[in-house]
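For reference, the chains in residue letters:
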Amino acid sequence: MKPGRLYRVACLTFGAALIASGAAMAKDEPKRGGILKFVVPAEPPSFDGHRETTFALIHPIAPFYSVLIRVDPDNPASLTDFVCDLCTEMPKPTDGGKTYTFKIRTGVKFHDGSPLTAKDVEATFKHIVFPKEGVLSARKQQFSMIESVSSPDDETVVFKLKHPSGAFIPVLANPYNFIYSKAKLEKDPRWYEQNIMGSGPFVFDKREAGARITGKANKNYYHKGKPYLDGFEAIFAKKQSLRVQAIRGDQAAIEFRGFPPKSRDDLVRALGKDITVQESDWNCGLVLTPNHSRKPFDDVRVRRALTLALDRWGGSKDLSKIAIVKTAGGLVFPGHPLGLSQDELHKVAGYWPDVEKSRAEARRLLKEAGHPNLSFTFLNRATDQPYTIVGTWMIDQWKKVGITAKMHSEATAGWFANLRAGDFDVGVTANCQSIVNPLLDVAYYLPSGRSGQQMGVFKDPELEKIYDKMVSLADESEQKKLMGQFERRVMDEQAHNFQVFWWYRIIPYRSYLKGWKISPSHYLNQDLSGLWIDRDS
Amino acid sequence: MFQYVVKRLLLMIPTLFGAAVLVFLLMRAIPGDICYMRMAGGGGTVDLDVVRQCRIDLGLEQPLWAQFWDFISGFVIGDFGKSMWTGQPIFDEVALRFQLSLQIAIMATIVSVMIAIPLGTISAVKQDTWVDYAVRTFSIAGIAIPSFWLGILIILGILIASQAWFGQPWMPPITYRPLWVDPWYNLSMLIWPALATGYRYSAVATRMTRSAVLEVLREDYVRTARAKGVFETLVIRRHALRNALLPVITVIGIEFAFLIGGLVVTEQVFNLNGVGKLFVESVENHDYNMTQSLVMLVVAIFALTNFLVDIFYAWLDPRIRYVH
Chain A
237 MKPGRLYRVA CLTFGAALIA SGAAMAKDEP KRGGILKFVV PAEPPSFDGH RETTFALIHP
297 IAPFYSVLIR VDPDNPASLT DFVCDLCTEM PKPTDGGKTY TFKIRTGVKF HDGSPLTAKD
357 VEATFKHIVF PKEGVLSARK QQFSMIESVS SPDDETVVFK LKHPSGAFIP VLANPYNFIY
417 SKAKLEKDPR WYEQNIMGSG PFVFDKREAG ARITGKANKN YYHKGKPYLD GFEAIFAKKQ
477 SLRVQAIRGD QAAIEFRGFP PKSRDDLVRA LGKDITVQES DWNCGLVLTP NHSRKPFDDV
537 RVRRALTLAL DRWGGSKDLS KIAIVKTAGG LVFPGHPLGL SQDELHKVAG YWPDVEKSRA
597 EARRLLKEAG HPNLSFTFLN RATDQPYTIV GTWMIDQWKK VGITAKMHSE ATAGWFANLR
657 AGDFDVGVTA NCQSIVNPLL DVAYYLPSGR SGQQMGVFKD PELEKIYDKM VSLADESEQK
717 KLMGQFERRV MDEQAHNFQV FWWYRIIPYR SYLKGWKISP SHYLNQDLSG LWIDRDS
Chain B
547 MFQYVVKRLL LMIPTLFGAA VLVFLLMRAI PGDICYMRMA GGGGTVDLDV VRQCRIDLGL
607 EQPLWAQFWD FISGFVIGDF GKSMWTGQPI FDEVALRFQL SLQIAIMATI VSVMIAIPLG
667 TISAVKQDTW VDYAVRTFSI AGIAIPSFWL GILIILGILI ASQAWFGQPW MPPITYRPLW
727 VDPWYNLSML IWPALATGYR YSAVATRMTR SAVLEVLRED YVRTARAKGV FETLVIRRHA
787 LRNALLPVIT VIGIEFAFLI GGLVVTEQVF NLNGVGKLFV ESVENHDYNM TQSLVMLVVA
847 IFALTNFLVD IFYAWLDPRI RYVH
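Chains as they are written, first to last, in the numbering used here: chain A, 237 to 773; chain B, 547 to 870.
Hint data in this document are derived by calculation from the structure and do not stem from the laboratory.
As a list, the in silico DSSO-like pairs of lysine-lysine whose alpha-carbon atoms are at most 30 Å apart:
{"no.": "1", "chain 1": "A", "residue 1": "K475", "chain 2": "B", "residue 2": "K628"}
{"no.": "2", "chain 1": "A", "residue 1": "K368", "chain 2": "B", "residue 2": "K628"}
{"no.": "3", "chain 1": "A", "residue 1": "K750", "chain 2": "A", "residue 2": "K498"}
{"no.": "4", "chain 1": "B", "residue 1": "K628", "chain 2": "A", "residue 2": "K423"}
{"no.": "5", "chain 1": "A", "residue 1": "K452", "chain 2": "B", "residue 2": "K628"}
{"no.": "6", "chain 1": "A", "residue 1": "K695", "chain 2": "A", "residue 2": "K642"}
{"no.": "7", "chain 1": "A", "residue 1": "K376", "chain 2": "B", "residue 2": "K628"}
{"no.": "8", "chain 1": "A", "residue 1": "K396", "chain 2": "A", "residue 2": "K339"}
{"no.": "9", "chain 1": "B", "residue 1": "K628", "chain 2": "A", "residue 2": "K362"}
{"no.": "10", "chain 1": "B", "residue 1": "K628", "chain 2": "A", "residue 2": "K442"}
{"no.": "11", "chain 1": "A", "residue 1": "K498", "chain 2": "A", "residue 2": "K635"}
{"no.": "12", "chain 1": "A", "residue 1": "K420", "chain 2": "B", "residue 2": "K628"}
{"no.": "13", "chain 1": "B", "residue 1": "K628", "chain 2": "A", "residue 2": "K474"}
No experiment lies behind these values; they were computed from the predicted model shown.
So that you can see chain A by itself, here it is in the shape it has in the complex:
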């Protein structure tokens, strides 16, 4: 069978499987019992959600904890729906959008039996937003809009903001904001690095270093009737081929991060109706960064030519068959109300619908800049998905306008080191976030020094001005206008960075696993409380 035909057959099969499972899901009643086994590609460095940034912490550890608010577990694909977990009702802001008052559930207990109150929520957010000396809080900067956190009584938590912020509610719903015990934090602010004790749907059972983490159902969970599972086993398996085979051989039911299209097709072909597939755009983008401190990339014409040469619309169709990328979009997650519309995007360099016109402009700019036969070294991460594949595609695209790029791939540590040292001509990075929170997500593209991830080595006070104004506004339509300006300035007018493709999340899993719904990020909706196993269906 030809590869193209094979792919179509695979697509039809998994499409049918998805539809069938969707129909089945609608009539399925949750069943109790069973242990969910899933594979995780890496082991978390510590157990502290406030300190770490890796998804490898979320998958095995999030089920042990509660959060204040979260993305709607019944509709995790939504980019704007947030619901209470520990609070009783999503609050309306007062004081001109600067005060949020949350009422906390009563009767909630930590796994050690101690009651969870508003004091614990307050202590948790103080630990995140205003960490004590020597305590690492990885996302402290994202909470810079918060002025104070207080708890006037055991059922009320009040957040006062410095200014109204559309980023506040999404950042509060960040899945890393595990609610910790005030008593534990007071005793030792770093206690949670090596210990697990939350109030979530599962109780920590054991950890085998490098092998697995297991949890048992929390019988006193405050969302009545949940969790449905008796427990879970998170198995660490680094090699992707092994993780795929583990699902095929039923050593695991699912891997929550995502597989490439080929693995999906292999599983569908091998298991037929025993496999279900869910797919979604992924809140991870491949970002191309020219090093402005190196000639000729200090010339905006050269930088613009780099993006104009890329046929993103055509590439999206081809690459999505072999790599974990799909949607060509701007800096804001596709479909988010703050992002550029398709028509607006068509006017941005590198997104023009007429690729030949775009390439002609690229050639013209290169000639005008005195570099008609530009050649450079392209620093890439030595990881197939999607870096090497998309990198190879980009080199081919650049060739079409007379640019010769030589790919230099480095393992993660070396790649980071070269980027940080500014030792590259043009490099690729990734902007992966959890909650879709464009106001904070685009901070990635702020100039060097202001953004820890900006490798382009440039200053742009105008860009900072747009950003600062945008995040301090409460009016969404004004924010959208400024976000448009921000995106155009980054990707077109100054061509500081270019979004190449948004990643695409493909999750093939055993059909006996029910209740799981895909979200735009592998960090979200991972408390496992709504999942169940039904081997009879």
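Using the hints provided, position chain B relative to the given structure of chain A.
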């Protein structure tokens, strides 16, 4: 003999110190930063103050000599410190993995010896016959095929065969249970990597056994034994094989030590939570403490194995201790 043993033991000290200096410097020469990897490895935004604080926490802002002193003084008193990545004591992290790696090494050695000694001997005795050619082909294939690739083939073969025969694909377990807790589960997981690595291991030993037996079979004392009318099986077993085993033991010893820390890829293919996998992860994560400790562990195992092989040599061949 006592002097010989003491001398061999003392020689281990400069070996270990040299390895310590080398690994310490090499790790710091590799580009990359554990804190940056940890805070920004996922591609999200990173606060540079947080990265700085992390480096202070891990002692990476100290001068190099102070870091080396911490490492070497800890090693001398048996305190390996904590993993920079997980913050857990290195001893605990390694102990669990060492148990699995040791079991695999023992199982693979048993597989290897069971294949290598008989096949190598038969091949030598039946030199230049079809039996000899068959054994040589088998052993050359074992050297040529990487054990991790054989491992992948084994897993795929099991998946396909089980689906064809039983309707559902089955693969070996991917999490470890100790032999004394669940022997069947343990063996159903570890027998496959033991076969994959044992085969390659046996290939080297088979060829070594063949050469050694061939050489010994031409010795005068073998001719004398045959002339006295001793049964051929006794000549082979008692006179030829025992003397031919000296170089074979060396190979087996070195391979055994290698298996404890060297099954880097095979462990990942079978998801074995062993020392080799930990090694790779610690290098990737720039976990200096863990990598240094593992290198020292492997060097110590090699040094100890060589020491034991030397002692065994001296026991098998009394001439050796007199020379020394």
